[in-house]
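My numbering applies: residue 63 is where the sequence shown begins, and numbers increase by one.
Simulated from the structure, these hints should not be mistaken for lab results. One or more of the hints may lead you astray.
Unchecked claim - Below are the SDA-like pairs computed for lysine to any residue, each with C-alpha atoms no more than 20 Å apart in a straight line:
| id | residue 1 | residue 2 |
| --- | --- | --- |
| 1 | K346 | A328 |
| 2 | K346 | R142 |
| 3 | K287 | I233 |
| 4 | K346 | L357 |
| 5 | K346 | P312 |
| 6 | K287 | D354 |
| 7 | K396 | D354 |
| 8 | K346 | A109 |
| 9 | K258 | I233 |
| 10 | K287 | R92 |
| 11 | K214 | Q180 |
| 12 | K167 | K80 |
| 13 | K321 | T151 |
| 14 | K167 | G91 |
| 15 | K80 | Q90 |
| 16 | K321 | N269 |
| 17 | K167 | E216 |
| 18 | K80 | G91 |
| 19 | K167 | A328 |
| 20 | K396 | F449 |
| 21 | K396 | D377 |
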Amino acid sequence: MITPVLPTYARAPIALEKGEGSHVVDTQGRRYLDFGSGIAVNALGHAHPVLVKVLTAQAQKLWHTSNLYRVPAQERLAERLVELTFADTVFFSNSGAEALECAIKMARKYHAHRGEPQRYRLITFEGAFHGRTLATIAAGGQKKYLDGFGPKVEGFDQVPFCDLDAVRAAIGPETAGILIEPIQGEGGVRVVEPQKMRALRDICDANGLLFILDEVQSGMGRTGKLFAHEWSGITPDIMAVSKALGGGFPVAACLATEKAAAGMTAGTHGSTFGGNPMAMEVAKAAVDLISDPALLDHVVRISNYLQQQLQMVRDRNGAIIEEVRGQGLLLGLKCRVVNSTLVDALRDRGLLAVGAGDNVVRILPPLIINEEDVREAIGILNDACAFLSAQTPKEAAK
Numbered sequence: 063m064i065t066p067v068l069p070t071y072a073r074a075p076i077a078l079e080k081g082e083g084s085h086v087v088d089t090q091g092r093r094y095l096d097f098g099s100g101i102a103v104n105a106l107g108h109a110h111p112v113l114v115k116v117l118t119a120q121a122q123k124l125w126h127t128s129n130l131y132r133v134p135a136q137e138r139l140a141e142r143l144v145e146l147t148f149a150d151t152v153f154f155s156n157s158g159a160e161a162l163e164c165a166i167k168m169a170r171k172y173h174a175h176r177g178e179p180q181r182y183r184l185i186t187f188e189g190a191f192h193g194r195t196l197a198t199i200a201a202g203g204q205k206k207y208l209d210g211f212g213p214k215v216e217g218f219d220q221v222p223f224c225d226l227d228a229v230r231a232a233i234g235p236e237t238a239g240i241l242i243e244p245i246q247g248e249g250g251v252r253v254v255e256p257q258k259m260r261a262l263r264d265i266c267d268a269n270g271l272l273f274i275l276d277e278v279q280s281g282m283g284r285t286g287k288l289f290a291h292e293w294s295g296i297t298p299d300i301m302a303v304s305k306a307l308g309g310g311f312p313v314a315a316c317l318a319t320e321k322a323a324a325g326m327t328a329g330t331h332g333s334t335f336g337g338n339p340m341a342m343e344v345a346k347a348a349v350d351l352i353s354d355p356a357l358l359d360h361v362v363r364i365s366n367y368l369q370q371q372l373q374m375v376r377d378r379n380g381a382i383i384e385e386v387r388g389q390g391l392l393l394g395l396k397c398r399v400v401n402s403t404l405v406d407a408l409r410d411r412g413l414l415a416v417g418a419g420d421n422v423v424r425i426l427p428p429l430i431i432n433e434e435d436v437r438e439a440i441g442i443l444n445d446a447c448a449f450l451s452a453q454t455p456k457e458a459a460k
């Protein structure tokens with residue numbers, strides 16, 4: 063018999079009830095250190111007082127109007143994002159997948175607007191994850207997400223991860239652009255090297271293509287810069303952002319240059335809830351907090367400390383952890399045991415982490431963590447690894 067909630071999630075057997083800072087408490091009163099952050103969403107931790115204050119104040123005034131009218135808070139946030147980034151214009155929506163849909167449509171419209179409607183295909187990369195809509199699962203190209211949903215949406219040519227020769231070979235008369243995550247999150251925390259990001263930008267420029275970034279997970283301070291692509295010294299033409307943009311409130315954005323967005327005129331795209339006053343006020347506060355240079359410097363310092371400690375865990379528990387990978391506070395533990403067993407062992411000991419592809423456990427703490435939080439997490443991780451080594455000696459020895 064089917065459950066009232068559609069059973070599409072393999073949920074952990076806990077229900078979280080409240081949170082503060084980097085910790086959450088379940089309905090049984092058990093406390094956990096949250097190094098998953100709702101899958102990189104709660105960048106400022108739980109119940110951040112500034113966000114609570116802004117949300118509460120706006121809740122007493124106005125929640126929703128639709129985009130039939132001007133939304134002043136939307137205009138203020140757009141101006142702030144334009145000020146902080148490469149972009150000239152912003153479209154607001156509710157989720158990362160919606161932001162990617164906007165980016166895909168914008169890339170197609172750009173070429174159609176220039177008289178080349180045949181240029182609609184995007185080059186994407188193996189291991190990518192861009193969302194769960196029909197177009198974004200096609201862009202990601204992963205069989206486990208595509209199976210059972212009919213013909214794959216046309217328009218995506220997938221190549222091996224960061225294979226520049228394969229990218230060049232895939233470019234044809236129908237190619238509109240290149241879509242890539244600076245760090246693959248769901249794909250196993252795989253980082254695109256800065257020189258390859260620059261090379262992809264050059265390839266786009268040389269071939270009249272749009273360079274589109276998916277910074278849904280890697281953006282909003284997670285690497286120690288507001289957006290991960292900044293480490294490469296390049297700028298995209300279009301960028302999708304979500305997750306931490308609202309500090310926990312559902313909101314997303316598609317950012318673009320004026321040139322890339324030239325074809326997106328009235329009626330070409332829309333959203334009923336996108337950019338509603340509640341989301342805009344909370345997101346504006348979150349953006350201001352996350353873009354603070356002091357916080358970004360803190361992310362760099364604390365992530366260096368965390369990565370050093372994780373490497374020590376790996377050295378001590380090489381039978382369980384093969385590799386530490388990632389950047390900033392978007393980190394991954396490549397496992398020698400099934401990654402879900404480590405996630406479960408961590409949760410049983412009071413630490414929340416997130417699985418990923420390539421048999422990786424993601425470490426995605428709030429940006430506000432301190433050294434005490436790191437030491438607590440490392441203690442739990444060492445204990446969980448020792449437990450798994452004792453439980454599976456034969457497998458661990460391989």
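Hints, verified against the model:
1. K346 - A328: violated (25 Å)
2. K346 - R142: Between K346 and R142 the Cα gap is close to 8 Å, so the pair holds against 20 Å.
3. K287 - I233: Distance of about 31 Å is beyond 20 Å: violated.
4. K346 - L357: Answer holds: K346 to L357 is near 16 Å, not above 20 Å.
5. K346 - P312: holds (13 Å)
6. K287 - D354: Measuring from Cα to Cα gives roughly 10 Å; hence the hint holds.
7. K396 - D354: Since the Cα atoms of K396 and D354 sit roughly 32 Å apart, the hinted pair is violated (cutoff 20 Å).
8. K346 - A109: holds (16 Å)
9. K258 - I233: holds (17 Å)
10. K287 - R92: violated (34 Å)
11. K214 - Q180: Roughly 19 Å between the alpha carbons, so the hint for K214 and Q180 holds.
12. K167 - K80: This hinted pair is violated, its Cα atoms lying about 39 Å apart.
13. K321 - T151: The given pair, whose Cα atoms are some 10 Å apart, holds under the 20 Å limit.
14. K167 - G91: The given pair, whose Cα atoms are some 46 Å apart, is violated under the 20 Å limit.
15. K80 - Q90: holds (11 Å)
16. K321 - N269: holds (16 Å)
17. K167 - E216: holds (13 Å)
18. K80 - G91: holds (9 Å)
19. K167 - A328: holds (14 Å)
20. K396 - F449: holds (17 Å)
21. K396 - D377: Judged against 20 Å, a Cα distance of about 13 Å means the pair holds.
When held up to the earlier numbered hints, the structure conflicts with 1, 3, 7, 10, 12 and 14 and fits the remainder.
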